[in-house]
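Novice: As a plain string of letters, each chain reads:
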Amino acid sequence: MGGRMPTAVALEDATVAFRLADARIYTAVEKASLSVEQGEFVAIVGPTGCGKSTLLNVAAGLLKPAAGAVRIFDAPLTGLNRDAGYLFQADALFPWKTALDNVAIGLEIKGVSHTEARARAQKWLTSVGLGAFAGRYPHMLSGGQRKRVGLAQVLIRDPKILLMDEPFGPLDAQTRQIMGNLLLELWNADRKAVLFVTHDLEEAIALADRVVIMSAGPSARIIGDWRVTLKRPRDISEVRMEKEFHELHREIWSVLKDEVMKGYAQSTQAAGAG
Amino acid sequence: MSRLTLLALQILVAVVALALWQLFATVPVFGKILLPPFFFSTPIDVASQIVKWFSSGVIWKHLFITLLESALAFVIGSIAGILVGFWFARQPRVAAVFDPYVKMINALPRVVLAPIFALWLGLGIWSKVALGVTLVFFIVFFNVYQGVKEVSATVLDNGRMLGMNERQLTRHVYWPSALSWMFSSLHTAVGFAVVGAVVGEYLGSAAGLGYLIQQAEGIFDVAAVFAGMFVLSAFVILIDFGVTLVERRLLVWRPAAAEGRG
Numbered sequence: 170m171g172g173r174m175p176t177a178v179a180l181e182d183a184t185v186a187f188r189l190a191d192a193r194i195y196t197a198v199e200k201a202s203l204s205v206e207q208g209e210f211v212a213i214v215g216p217t218g219c220g221k222s223t224l225l226n227v228a229a230g231l232l233k234p235a236a237g238a239v240r241i242f243d244a245p246l247t248g249l250n251r252d253a254g255y256l257f258q259a260d261a262l263f264p265w266k267t268a269l270d271n272v273a274i275g276l277e278i279k280g281v282s283h284t285e286a287r288a289r290a291q292k293w294l295t296s297v298g299l300g301a302f303a304g305r306y307p308h309m310l311s312g313g314q315r316k317r318v319g320l321a322q323v324l325i326r327d328p329k330i331l332l333m334d335e336p337f338g339p340l341d342a343q344t345r346q347i348m349g350n351l352l353l354e355l356w357n358a359d360r361k362a363v364l365f366v367t368h369d370l371e372e373a374i375a376l377a378d379r380v381v382i383m384s385a386g387p388s389a390r391i392i393g394d395w396r397v398t399l400k401r402p403r404d405i406s407e408v409r410m411e412k413e414f415h416e417l418h419r420e421i422w423s424v425l426k427d428e429v430m431k432g433y434a435q436s437t438q439a440a441g442a443g
Numbered sequence: 156m157s158r159l160t161l162l163a164l165q166i167l168v169a170v171v172a173l174a175l176w177q178l179f180a181t182v183p184v185f186g187k188i189l190l191p192p193f194f195f196s197t198p199i200d201v202a203s204q205i206v207k208w209f210s211s212g213v214i215w216k217h218l219f220i221t222l223l224e225s226a227l228a229f230v231i232g233s234i235a236g237i238l239v240g241f242w243f244a245r246q247p248r249v250a251a252v253f254d255p256y257v258k259m260i261n262a263l264p265r266v267v268l269a270p271i272f273a274l275w276l277g278l279g280i281w282s283k284v285a286l287g288v289t290l291v292f293f294i295v296f297f298n299v300y301q302g303v304k305e306v307s308a309t310v311l312d313n314g315r316m317l318g319m320n321e322r323q324l325t326r327h328v329y330w331p332s333a334l335s336w337m338f339s340s341l342h343t344a345v346g347f348a349v350v351g352a353v354v355g356e357y358l359g360s361a362a363g364l365g366y367l368i369q370q371a372e373g374i375f376d377v378a379a380v381f382a383g384m385f386v387l388s389a390f391v392i393l394i395d396f397g398v399t400l401v402e403r404r405l406l407v408w409r410p411a412a413a414e415g416r417g
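Going down the list, the sequences are from chains A and B.
For the record, in the first sequence the residue sitting at position 58 is 227 according to this note's numbering, with numbers rising by one throughout.
For the record, in the second sequence the residue sitting at position 261 is 416 according to this note's numbering, with numbers rising by one throughout.
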């Protein structure tokens, strides 16, 4: 590789702190350095409450780090990250818009005409398997269907970076696998840079090119970085049967396990710490 | 219970109540009339009074006046409530400055304002509209304010990440949320618009249902007082039905369980 391609997302010693109600400072993430290259799928795994989502919000520009730098395609990030699409953990669809309008809105606010935006939105709904549900309002859709609409809503804008915050967290195990395969299929078409947060190590290995492990909070740090070399295209349920998957899982879990226990101990001892 | 049985039972309640009323107003029990017609009238007298009003056509003018006052109070109060509610919700500093005064005015029983409005605006429709506006305004204002404040942080962040600027956020996020809260209080707001109009008329006017009731009371025509009350409640039920139709149309996106807020 001669000329280096600009790195899609680069966090350099990013520290994130919040002021608590009683004026104490709570450091969620300390000196985290992380990079996502173009076309790379990176998963962040860590125990509950370790600040994975915080890190994602920093990359999105929704949160400003107290110290450290954020670079998007080698340019310092100011304000919101305009190159990124964000798939939230909680329901983020506009409840007063139909599935079709929810997907079309991303284009409409860019100035695309109403008719064209809706036509393109219909195509996206079809590609996430919801072509027949265009007229439904979010409350008429199942949790999995809402996630599909959310995926279409983000992807229709064709962001260069995809940020995903435990997007399939609330879904049941079968639906998660189906959604994982759908995500890989869509991602395979144009290989955007992806930063995917999850607490599920198996999901992370099955989806990603790299798995990054965070320690338990507060002051969570990045404590491990593994490359996943399982061949693509992958099928989420089949890839779990492979030997390499098991070896990697055992290796990462030996590190993650201690952190999960620590995180659990903290969350049971100090309720209200954040 | 099937719908038919329910309807039959509901009608039965009315029939029994009216029959008892008629009975005690005309037939002495142990030598005493329990409901003297001078104070309680009789269902038949009340009904014939209603028929007389409608057949002679006098009632239409009064109904129209009350409807006009209610409608004006509702429209003006709602527009003012939406604008101020939106403004306060988006400008927390303005809201903080005005907060004690809003609370103070809202704590005031609005009926005491009626004489002032009559003094300022005369005995025509506008003093009644003003009274209705003070009632409607606060309901709409509080709901719109709440609607803007309670927008889900995630939905808001999603809007921002999708590239919305402040104007687009207002149009696609704050506005629909505020309107949904306002519509959920539509029944209350419309009801208060009618209350404002009728109370205003009752306290001093030359036309309207409140005027009709007040006039009848002045000459101890109890049948006409009851007749006025019946016409008024039928009138409110009709308006309420209309509101339900509008609401169903506007809030299709809302899950059924969340309806009836406010």
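The hints are simulated quantities; they were obtained by calculation from the structure and are not laboratory data.
Cβ coordinates follow ideal geometry from the N, Cα and C atoms, glycine included.
Do not rely on the hints blindly, as some may be mistaken.
Which chain A residues stay away from chain B? Per the calculated CB distances, all over 10 Å, these [stated by the list, open to error]:
1. Pro-175
2. Phe-187
3. Asp-191
4. Gly-237
5. Lys-266
6. Thr-267
7. Gly-275
8. Thr-284
9. Arg-287
10. His-308
11. Gln-322
12. Glu-335
Below, simulated PhoX-like cross-link-like pairs (lysine-lysine); rule was C-alpha separation at most 25 Å, straight line [claimed, not checked]:
13. Lys-400(A) - Lys-329(A)
14. Lys-400(A) - Lys-200(A)
15. Lys-266(A) - Lys-258(B)
16. Lys-233(A) - Lys-304(B)
Novice: Any hints this thing doesn't respect? Which numbers, in order?
Specialist: 5, 6, 7, 10, 11, 14 and 15
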